[in-house]
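> Let's have the full structure, built from the sequences with the hints guiding it.
There are 2 protein chains.
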Amino acid sequence: MEPLNQYLETNKERFLNELFDLLRIPSVSADPKFSQDVHKAAEFVKEKLIAAGADNVALCPTDGFPIIYGEKIIDESKPTVLCYGHYDVQPADPYELWTSPPFEPVVKDGNIFARGSADDKGQMYMHVKAFEAMLKNNALPCNIKFMIEGEEEVGSTNLEIFVRNNSEKLKCDVVLISDTSMISNEHPSITTGLRGLAYLEVEVTGPNRDLHSGVYGGAVANPINVLCDMIASLHDEKRRVTIPRFYDDVQDVSAEERAATAKAPFDLAAYKKDLDMDDVMGEEGFSTLERVSIRPTLDVNGIWGGYIGQGAKTVLPSKAYAKISMRLVPNQSHEKITRLFETHFESIAPKAVKVKVTPHHGGEAAVTPIDSKAYLAAAKAIQKTYGKMPIPLRTGGSIPIVTMFEKVLGTQSVLLGFGLDSDAIHSPNEHYGVFNYYKGIETIPYFFSYFAQ
Amino acid sequence: MEPLNQYLETNKERFLNELFDLLRIPSVSADPKFSQDVHKAAEFVKEKLIAAGADNVALCPTDGFPIIYGEKIIDESKPTVLCYGHYDVQPADPYELWTSPPFEPVVKDGNIFARGSADDKGQMYMHVKAFEAMLKNNALPCNIKFMIEGEEEVGSTNLEIFVRNNSEKLKCDVVLISDTSMISNEHPSITTGLRGLAYLEVEVTGPNRDLHSGVYGGAVANPINVLCDMIASLHDEKRRVTIPRFYDDVQDVSAEERAATAKAPFDLAAYKKDLDMDDVMGEEGFSTLERVSIRPTLDVNGIWGGYIGQGAKTVLPSKAYAKISMRLVPNQSHEKITRLFETHFESIAPKAVKVKVTPHHGGEAAVTPIDSKAYLAAAKAIQKTYGKMPIPLRTGGSIPIVTMFEKVLGTQSVLLGFGLDSDAIHSPNEHYGVFNYYKGIETIPYFFSYFAQ
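Residue numbers (the numbering used here), protein chains in the order written: chain A, 13 to 465; chain B, 13 to 465.
It is worth saying that the hints were derived from the structure and are not from the lab.
Take these hints with a grain of salt, some might be off.
No copy labels: a pair is met if it fits in one copy or bridges any two.
Derived lysine-lysine pairs resembling DSSO-like cross-links, with alpha carbons at most 27 angstroms apart [to be verified]: (1) Lys84 <-> Lys419; (2) Lys366 <-> Lys392; (3) Lys368 <-> Lys275; (4) Lys90 <-> Lys392; (5) Lys419 <-> Lys181; (6) Lys368 <-> Lys284; (7) Lys120 <-> Lys451; (8) Lys396 <-> Lys419; (9) Lys368 <-> Lys285; (10) Lys275 <-> Lys396; (11) Lys385 <-> Lys396; (12) Lys90 <-> Lys419; (13) Lys363 <-> Lys52; (14) Lys148 <-> Lys90; (15) Lys84 <-> Lys52; (16) Lys250 <-> Lys90; (17) Lys181 <-> Lys90; (18) Lys363 <-> Lys183; (19) Lys451 <-> Lys400; (20) Lys90 <-> Lys363; (21) Lys285 <-> Lys366; (22) Lys363 <-> Lys348.
Spelled out as structure tokens, the structure:
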């Protein structure tokens with residue numbers, strides 16, 4: 013690997029500058045006003061794949077944003093790795109909480125601050141650069157295919173259709189994804205389980221128009237109060253979700269596995285200090301690590317209604333809204349949970365209001381094997397560059413496409429993520445370590461090398 | 013009154029045009045970005061008072077927006093009427109629900125549509141025009157003083173200081189206020205009771221930054237969920253407020269008075285139909301009219317937190333907020349209730365969150381006498397112009413200054429309001445009947461005439 017490492021060292025600055033160019037494009041897929049920028053980011057990735065030496069690079073149209081495909085087939089008899097990533101990012105608001113503008117990347121204290129730096133532009137782009145390095149140094153030992161989408165942050169709506177329609181072209185021996193994080197740079201880990209997701213929006217309507225709270229208050233259902241009542245009732249005093257049959261399909265995790273998880277390095281005091289909280293809160297009978305990995309949850313991601321400007325307005329509003337998502341564990345169907353939520357939410361609405369439930373998107377939970385050739389190649393690659401074997405760990409986030417790849421392509425994934433939980437993805441001041449970016453580019457070729465053996 | 017009525021008839025169009033000019037000024041006192049317009053409205057009212065013939069007209073500075081004073085002292089031995097009104101208006105949002113722009117007044121179906129048309133520019137300006145009419149026709153039978161403020165919609169913060177500092181100048185025999193409504197044009201009524209108000213804003217902080225709901229969801233207090241829990245707990249299953257000692261000072265209303273209220277014309281089916289609700293909702297054991305008049309309430313006027321843009325964002329937010337107000341009944345102190353709320357709200361916060369409570373403003377409930385000379389003059393004036401005696405009625409809104417005038421000036425108020433409950437004050441499409449505007453200008457001189465006798 014000597015010439016390859018030399019190449020990485022020589023091109024370090026350019027690799028960072030190119031990522032910065034990509035981070036400057038505000039490719040927020042959730043917000044129509046950034047639509048042009050999402051397309052611009054797709055074009056950028058396409059050009060860089062071509063420049064790196066990929067063949068048959070194309071922007072494949074979908075009903076939403078395009079999927080970039082590219083490949084390098086060196087030898088049909090060699091194994092094939094499908095690299096998946098995404099070029100779209102989460103919305104950046106609230107803007108005022110960013111210490112530097114979200115789409116003007118800067119390095120501070122060894123971290124690249126920008127929306128998408130860790131999720132997933134920085135991690136996706138490591139693969140483009142690792143590929144370039146392998147190819148330029150005649151060190152690509154496998155066939156490689158790229159599939160980079162632009163709708164991951166809005167539920168990968170069109171990806172499954174694309175994968176189904178192109179299953180022959182996408183045939184591979186493993187799907188390699190860098191869109192997860194490690195425990196720490198000192199405790200490298202590989203994600204082996206991901207929670208699923210069911211995301212819905214609810215609307216509660218009381219009176220047909222905003223009213224004066226003095227004239228009507230006390231006699232008319234206030235949709236905000238009612239929405240709060242309804243949301244509060246979704247958890248019991250043990251912080252268990254009260255939707256009937258919500259836990260029906262949750263598999264109990266064995267005492268052995270729970271004991272293994274309990275051994276993962278975790279410092280509750282440091283966790284609370286980092287988040288400046290006097291206490292954690294979650295389902296009775298489970299540890300913090302278990303609550304975010306093996307247990308399903310229900311969180312309100314957004315709520316709004318009535319007067320939210322400065323000062324006071326004595327309005328009794330007509331409507332109140334919330335965005336609510338549930339994280340799911342293996343064996344829970346997001347479609348079934350979505351239906352259970354809808355039925356339950358409508359059933360608990362008092363007669364004095366009207367309720368509308370709109371499903372946004374969802375995805376199944378996933379567990380990846382830890383004894384496959386691909387997993388072992390990933391573990392050895394990390395051992396090589398980090399100096400220690402990674403810990404296999406289930407985590408709380410969702411990458412629904414992992415289950416989809418298994419279902420449609422029949423291929424398992426390896427989640428070779430280089431981020432850290434503290435990267436503040438989906439939050440203001442998202443960042444990604446410069447160390448992690450380069451470490452990823454250095455580690456990926458080892459994965460290819462071990463996987464080809 | 014013949015020449016006076018003739019004068020009103022001749023100047024009708026101009027009276028309406030002048031009101032339109034005032035309604036075009038977006039004098040929203042709650043929002044700093046309209047600050048210049050609030051001053052502009054003050055200037056407008058000052059000029060019109062001078063033009064109408066008032067003496068010693070001045071914009072009196074306060075720590076907030078100025079108070080306009082003006083007077084006409086015809087004879088020290090005659091009774092003096094102090095006309096109070098306000099030139100500021102409620103915020104107009106949500107703008108998209110207005111069928112015509114809130115600050116471009118138009119007449120549709122006999123109603124003036126504009127923010128402030130009923131509350132209170134339209135009603136306040138009737139007094140300026142009635143005064144002009146009386147003066148120009150040598151028909152002013154009493155001394156008159158004007159005090160028009162610009163902070164009513166934000167709690168009249170600086171009015172009490174002004175009244176205290178100018179109690180000699182403001183000396184009067186009655187305070188005349190048109191800032192309330194009648195049952196209907198067919199059932200004229202005079203408001204004799206008003207609820208008080210305690211308005212607060214709450215902030216709940218969970219983690220110190222927005223988090224990814226997959227990575228942290230289930231283990232960390234979500235401030236939106238917690239805020240919903242806390243708000244839900246503020247009512248019990250009988251829709252009674254659960255704040256300890258909240259009802260301590262509420263005086264029971266006698267069976268006789270409740271029986272009298274029950275006789276007021278009220279059609280529950282029509283009420284529900286008008287608001288498009290399948291049911292009403294309120295405190296067990298009380299009728300709809302009682303719930304909005306003799307009972308205190310707690311309503312959330314606004315709530316916000318997390319992602320409220322288009323689409324989906326899986327954020328676990330750091331903070332959630334709500335604006336909460338309580339309508340109070342006579343004998344409840346808004347300061348005491350504010351303290352009880354603060355103490356209770358902080359006490360029910362789980363350890364995993366931090367809570368901040370900020371009082372906005374408040375005011376005491378008021379009951380006005382129905383046997384005073386002023387009340388009888390008002391009732392006779394309405395009987396003259398509407399053809400029937402008005403019904404005395406307690407209503408739900410708050411005009412905290414009524415209690416303040418009594419306390420500081422020792423003077424009772426008469427609430428000679430010409431609006432209707434259906435005027436949609438504080439809501440999109442606020443309107444005020446052209447009929448009501450002219451009827452007010454016609455009725456006010458009769459009040460002066462009867463009160464002078």
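> Each hint needs a verdict: does it hold in this structure or not?
Here is how each hint holds up against the structure:
{"no.": "1", "hint": "Lys84 <-> Lys419", "result": "within (25 angstroms within a copy, 86 angstroms between copies)"}
{"no.": "2", "hint": "Lys366 <-> Lys392", "result": "neither (56 angstroms within a copy, 45 angstroms between copies)"}
{"no.": "3", "hint": "Lys368 <-> Lys275", "result": "neither (44 angstroms within a copy, 38 angstroms between copies)"}
{"no.": "4", "hint": "Lys90 <-> Lys392", "result": "within (20 angstroms within a copy, 101 angstroms between copies)"}
{"no.": "5", "hint": "Lys419 <-> Lys181", "result": "within (16 angstroms within a copy, 84 angstroms between copies)"}
{"no.": "6", "hint": "Lys368 <-> Lys284", "result": "between (37 angstroms within a copy, 20 angstroms between copies)"}
{"no.": "7", "hint": "Lys120 <-> Lys451", "result": "within (18 angstroms within a copy, 69 angstroms between copies)"}
{"no.": "8", "hint": "Lys396 <-> Lys419", "result": "neither (32 angstroms within a copy, 82 angstroms between copies)"}
{"no.": "9", "hint": "Lys368 <-> Lys285", "result": "between (39 angstroms within a copy, 20 angstroms between copies)"}
{"no.": "10", "hint": "Lys275 <-> Lys396", "result": "within (23 angstroms within a copy, 87 angstroms between copies)"}
{"no.": "11", "hint": "Lys385 <-> Lys396", "result": "within (16 angstroms within a copy, 96 angstroms between copies)"}
{"no.": "12", "hint": "Lys90 <-> Lys419", "result": "within (23 angstroms within a copy, 92 angstroms between copies)"}
{"no.": "13", "hint": "Lys363 <-> Lys52", "result": "neither (48 angstroms within a copy, 46 angstroms between copies)"}
{"no.": "14", "hint": "Lys148 <-> Lys90", "result": "within (19 angstroms within a copy, 102 angstroms between copies)"}
{"no.": "15", "hint": "Lys84 <-> Lys52", "result": "within (24 angstroms within a copy, 70 angstroms between copies)"}
{"no.": "16", "hint": "Lys250 <-> Lys90", "result": "neither (53 angstroms within a copy, 72 angstroms between copies)"}
{"no.": "17", "hint": "Lys181 <-> Lys90", "result": "within (16 angstroms within a copy, 98 angstroms between copies)"}
{"no.": "18", "hint": "Lys363 <-> Lys183", "result": "neither (53 angstroms within a copy, 52 angstroms between copies)"}
{"no.": "19", "hint": "Lys451 <-> Lys400", "result": "within (14 angstroms within a copy, 87 angstroms between copies)"}
{"no.": "20", "hint": "Lys90 <-> Lys363", "result": "neither (64 angstroms within a copy, 57 angstroms between copies)"}
{"no.": "21", "hint": "Lys285 <-> Lys366", "result": "between (42 angstroms within a copy, 14 angstroms between copies)"}
{"no.": "22", "hint": "Lys363 <-> Lys348", "result": "within (26 angstroms within a copy, 34 angstroms between copies)"}
Comparing the model with each numbered hint stated earlier shows that hints 2, 3, 8, 13, 16, 18 and 20 do not hold.
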